[in-house]
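Student: Residue numbers (this note's numbering), protein chains in the order written: chain V, 1 to 257; chain R, 1 to 328.
Source of the hints: derived by calculation from the structure; they are not laboratory data. Heads up, none of these hints are tricks.
Here are some, though not all, of the chain V residues that point toward chain R, as calculated from beta-carbon distances under 7 Å:
#1 Pro73
#2 Thr74
#3 Thr77
#4 Cys78
#5 Asn89
#6 Phe91
#7 Asn93
#8 Leu102
#9 Ala103
#10 Gln105
#11 Ser106
Only a predicted model underlies this, so the values are computations on that prediction, with no experimental measurement involved. Cβ coordinates follow ideal geometry from the N, Cα and C atoms, glycine included.
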Amino acid sequence: MEPIIETKGLSISFGGHTAVDGVNISVPKNHFKSIIGPNGAGKTTFFNLLSGQLLPTKGQIFFRNKEITKMSPTERTCLGLGRSFQITNVFPNLTVLENVRLAVQSQAGTRFQMLAHYKKYRIFEEKAAEWLELVLLDNKKEIVARNLAHGEKRKLEIAMLLALNTEVLLLDEPTAGMSVEEVPAILDVIRKIKRGNDRTILLIEHKMDMIMDLSDSVMVLFNGKLLADGTPNEIMKNEIVQSAYLGGLYDVNSVKA
Amino acid sequence: MNNRMNILYVITAVFLLVLPFVYESRTLLILLTQVFIFAIFAMSYDILLGYTGIVSFGHAMFFGIGAYTIGVFMKQFEPTIPYFLLAVLVTIVLTAIVSFVLGLLTLRLKSHFYAMLTLAFSGLFLVLAEKWRTVTYGNDGFTFRIPDLFKDRTDFYLICLVTMIVVFAILRRFTSSPLGRVLQAIRENEQRTESLGYSILHYKVIASVISGVMAGLAGLLYSMSLRFVNTSVFTMDITLDALLMTIIGGVGTLVGAIIGAGLIEFAHHWLTELAKVHWIFERWIIFFGIIYILAVMFFPMGIVGTLKKIKLNRTKKEEKKAEEKIAS
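So that you can see chain R by itself, here it is in the shape it has in the complex (with noise of 0.2 Å):
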């Protein structure tokens, strides 16, 4: 069963890497970079939400932090190779200080008054960008220029995609190591687990930091895929979009964060497109809205979550035949 899912993983990567050789259309190329780059996004969250049950509103200030360290290097400084590598190290480094520091904060603060603090975090992030002008330039945000490797559109596709199957394969081994065993275990029960001898903080600490760190470089990766960055990135609403991505499709699966960023990506896609059709498809954050309300009601445990469930009820339901056939 397990090989099974691994062959239809590797079946898909190899779609998605032949796709942009055989079939060119631009929009959909960009489309599918955005799914990668949130995918990244949703994974991260999911690493927070999913299996160490901490809830986070604030997970946009680390997107943020990438988007912005990228702009801010490439513009200020030369957009060359060496700079963009500086960059991904000073974002690493900047996500995990500030992921540290948070994760050390969940000693004190549980669930709500975390995601609360969380909030209140990212929006000052949210105003350093808009009033530290010379740096940020403000809301407005500021264009610039990326290193020629990235230029092509194919080849940035591609970037992100390897990108996306690289962090995949480290979270799930990362989820499935004895470590991520107890991050699930302090999601089920905190205080049994520290009664089992684990230190629950030190383990908070390190999903904080990892969780900051990828969704740090989805950031980064976001706005150089834009050559743009203004304050959006520190907003409420990336934050929500990881919410809705990782509980559409099934929290505390990988899988299924990377289902849930395609559905939205293309969703939104759709979405603005019929705004031609009717006006009030411009407002497409309220099909959103219905969308996020039926999935709680409906499918609290997504789309992965779900199916996972029916296999689950299907295989007993055959051991039960067996059982009554060996039986009678």
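Just chain V, same shape as in the assembly (with noise of 0.2 Å):
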């Protein structure tokens, strides 16, 4: 199937450290795709040089076969490029319903409708109030977002990709922070938007055993490098990622050697 992101050599230096280096991937529409590696391996460097936060030093990225390794965020996400943060990233001072209620405001592309009101616009505030039912927040809409439970903004930060309606979404490790009783509900969410089967994923995540069932395919990135790609199975049974995970791997090129 044709690739929907791709990218070529993609690397990016901080000073004289190479945080992603010369990384590879394509991945076709509607492939869930997660992205495993230990702490500092790049991976969310590598989400964004995708999102457009950081901009490349050396490399590609192709979006739909068109270059767009130059652009800025907003351009990406008006592409149909949307990410979730890994520190929770919200309106701290607006409602919940409002946070959300943004994000579908800007999908439905009214920007700069200065003369009528807000309210004017209810079907964004229904469509918003069913985002938030999807990720269980629904009880929370008139509430101010800075005076959630740590949980629940990560909740009402997935709510804001989903309400941008994107074919890709980029997840920054969406249950990090989240208590155990909280994370099977936001697989759940996942889990759905999966089985709508319209939507691109690209899926940070620490719990092995929870993306395990979900992906299509799992790359494994270490030290910046792509040191594995493909499905679920392989990757478990492959010896290098095992010892990458389990210690003992300091320097890729000596396992190669």
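Combine the two chains into a complex, taking the hints into account.
Tutor: The structure is reproduced here in structure tokens:
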């Protein structure tokens, strides 16, 4: 199938340190790809490159065969590349509903309407409420986002991303910091989206057991390099990956040699 | 709750409209006229500070542009209505251009760097007004005549009041429009707004232009009320006034700006009157400084903001009580 996201030799260096080093991936449409790797492997940096928060020092990114390497985050979102953040990143002093409503408004393309009252766009609010229901936040609509518990903020974050209705979803550790009881609900949401079979999802996650049954493929990053890419089963059996996770591996090249 | 607020606004507006016909006090009328003018100015500042989160220390430059434009037109040409309308138009165009350029610069400069830049810009205008003597008569400024329509104090009072109400209505609509909502999102979290697919620069420029034009109109009315203009309209004091009014009234609420303007103007008036009692009141700015410090320390959300919070807490408590009742 034709790839929706493709990277070619994607690299970024901060001073002397190369955080992402020549990563080539190709994600087909409606694919579910998980990205794993130890801390500091460059997973989030890789996401930042895809979503445009950072510009690569080398390499190219393609979205539907169109080069987007130099585009701003705003342009990428408009094209259909939405992301959630690992650190909670919501509008603290606005209500939960308003947070999602802004995303719905952006998705509907109402950007510069300055004369009509926002309530006129009731449909935005209804849609926002629907998204909140999906992530089980519908009883917290009127609460100011700052006062939410951490796990709830994560859910809000996901609702905002979903409301953008982008073709590609970049999920950066959606369950990080959530209590154990909350995780299944979020997994359900992700499962629901996957079942819809009209989105391409890239997911960063630490909880291996949780992603194995969801993912179509798993890629492993280690020290910025792409260590392995394959089906969950292949990755589980891969020796290099195991040693990377279980320790003892400090330099990829030594293993290959 | 919203309806009750609207009724309150209408009652206040009607009261102020009727006031000059039932209570004849020249001083009070002139004072209230000043309040209305500064309320427009403070509201325009609040669009930047309270709604978009842009800190500007050069808001006086728009005020000054408006004040000088009307002065120059009335002095150099004739004090007639067509020239007055032309002056309004020129004010709008000039302030729009300047604020557009400044808005574009928010792209590169963040928070305090931008504030410094605006400070420098308004300093530039101050120097221009001082040195371009053929037009501005330098530091001393000049007096001018205004069209007959505006000569009567009562009429002018009503014109200023109506302008303020119209500006209030427009800005309220503006801030609660989809675009206004995005402005508030930018204030809250710029990066997130960007990744929701809004291009921030466009919004900042729009906010900057609207705020600048409104401030220009306030300046225009100001110098018309004095029939005199000098370089003081470009000074830092004017910007500080706007800052003080919005912060004391409540940042991010338009009514707050109006209340703040009223409070500051009246306080100013009373303190100067007290100068007859004791010489210290001659230096009313000392008291403003103290009020300002106290307000920032104890009412960081301003009068309206604090009231809103109290109200919110009360409804929350009531809800809790209701829940407890159901539970028991």
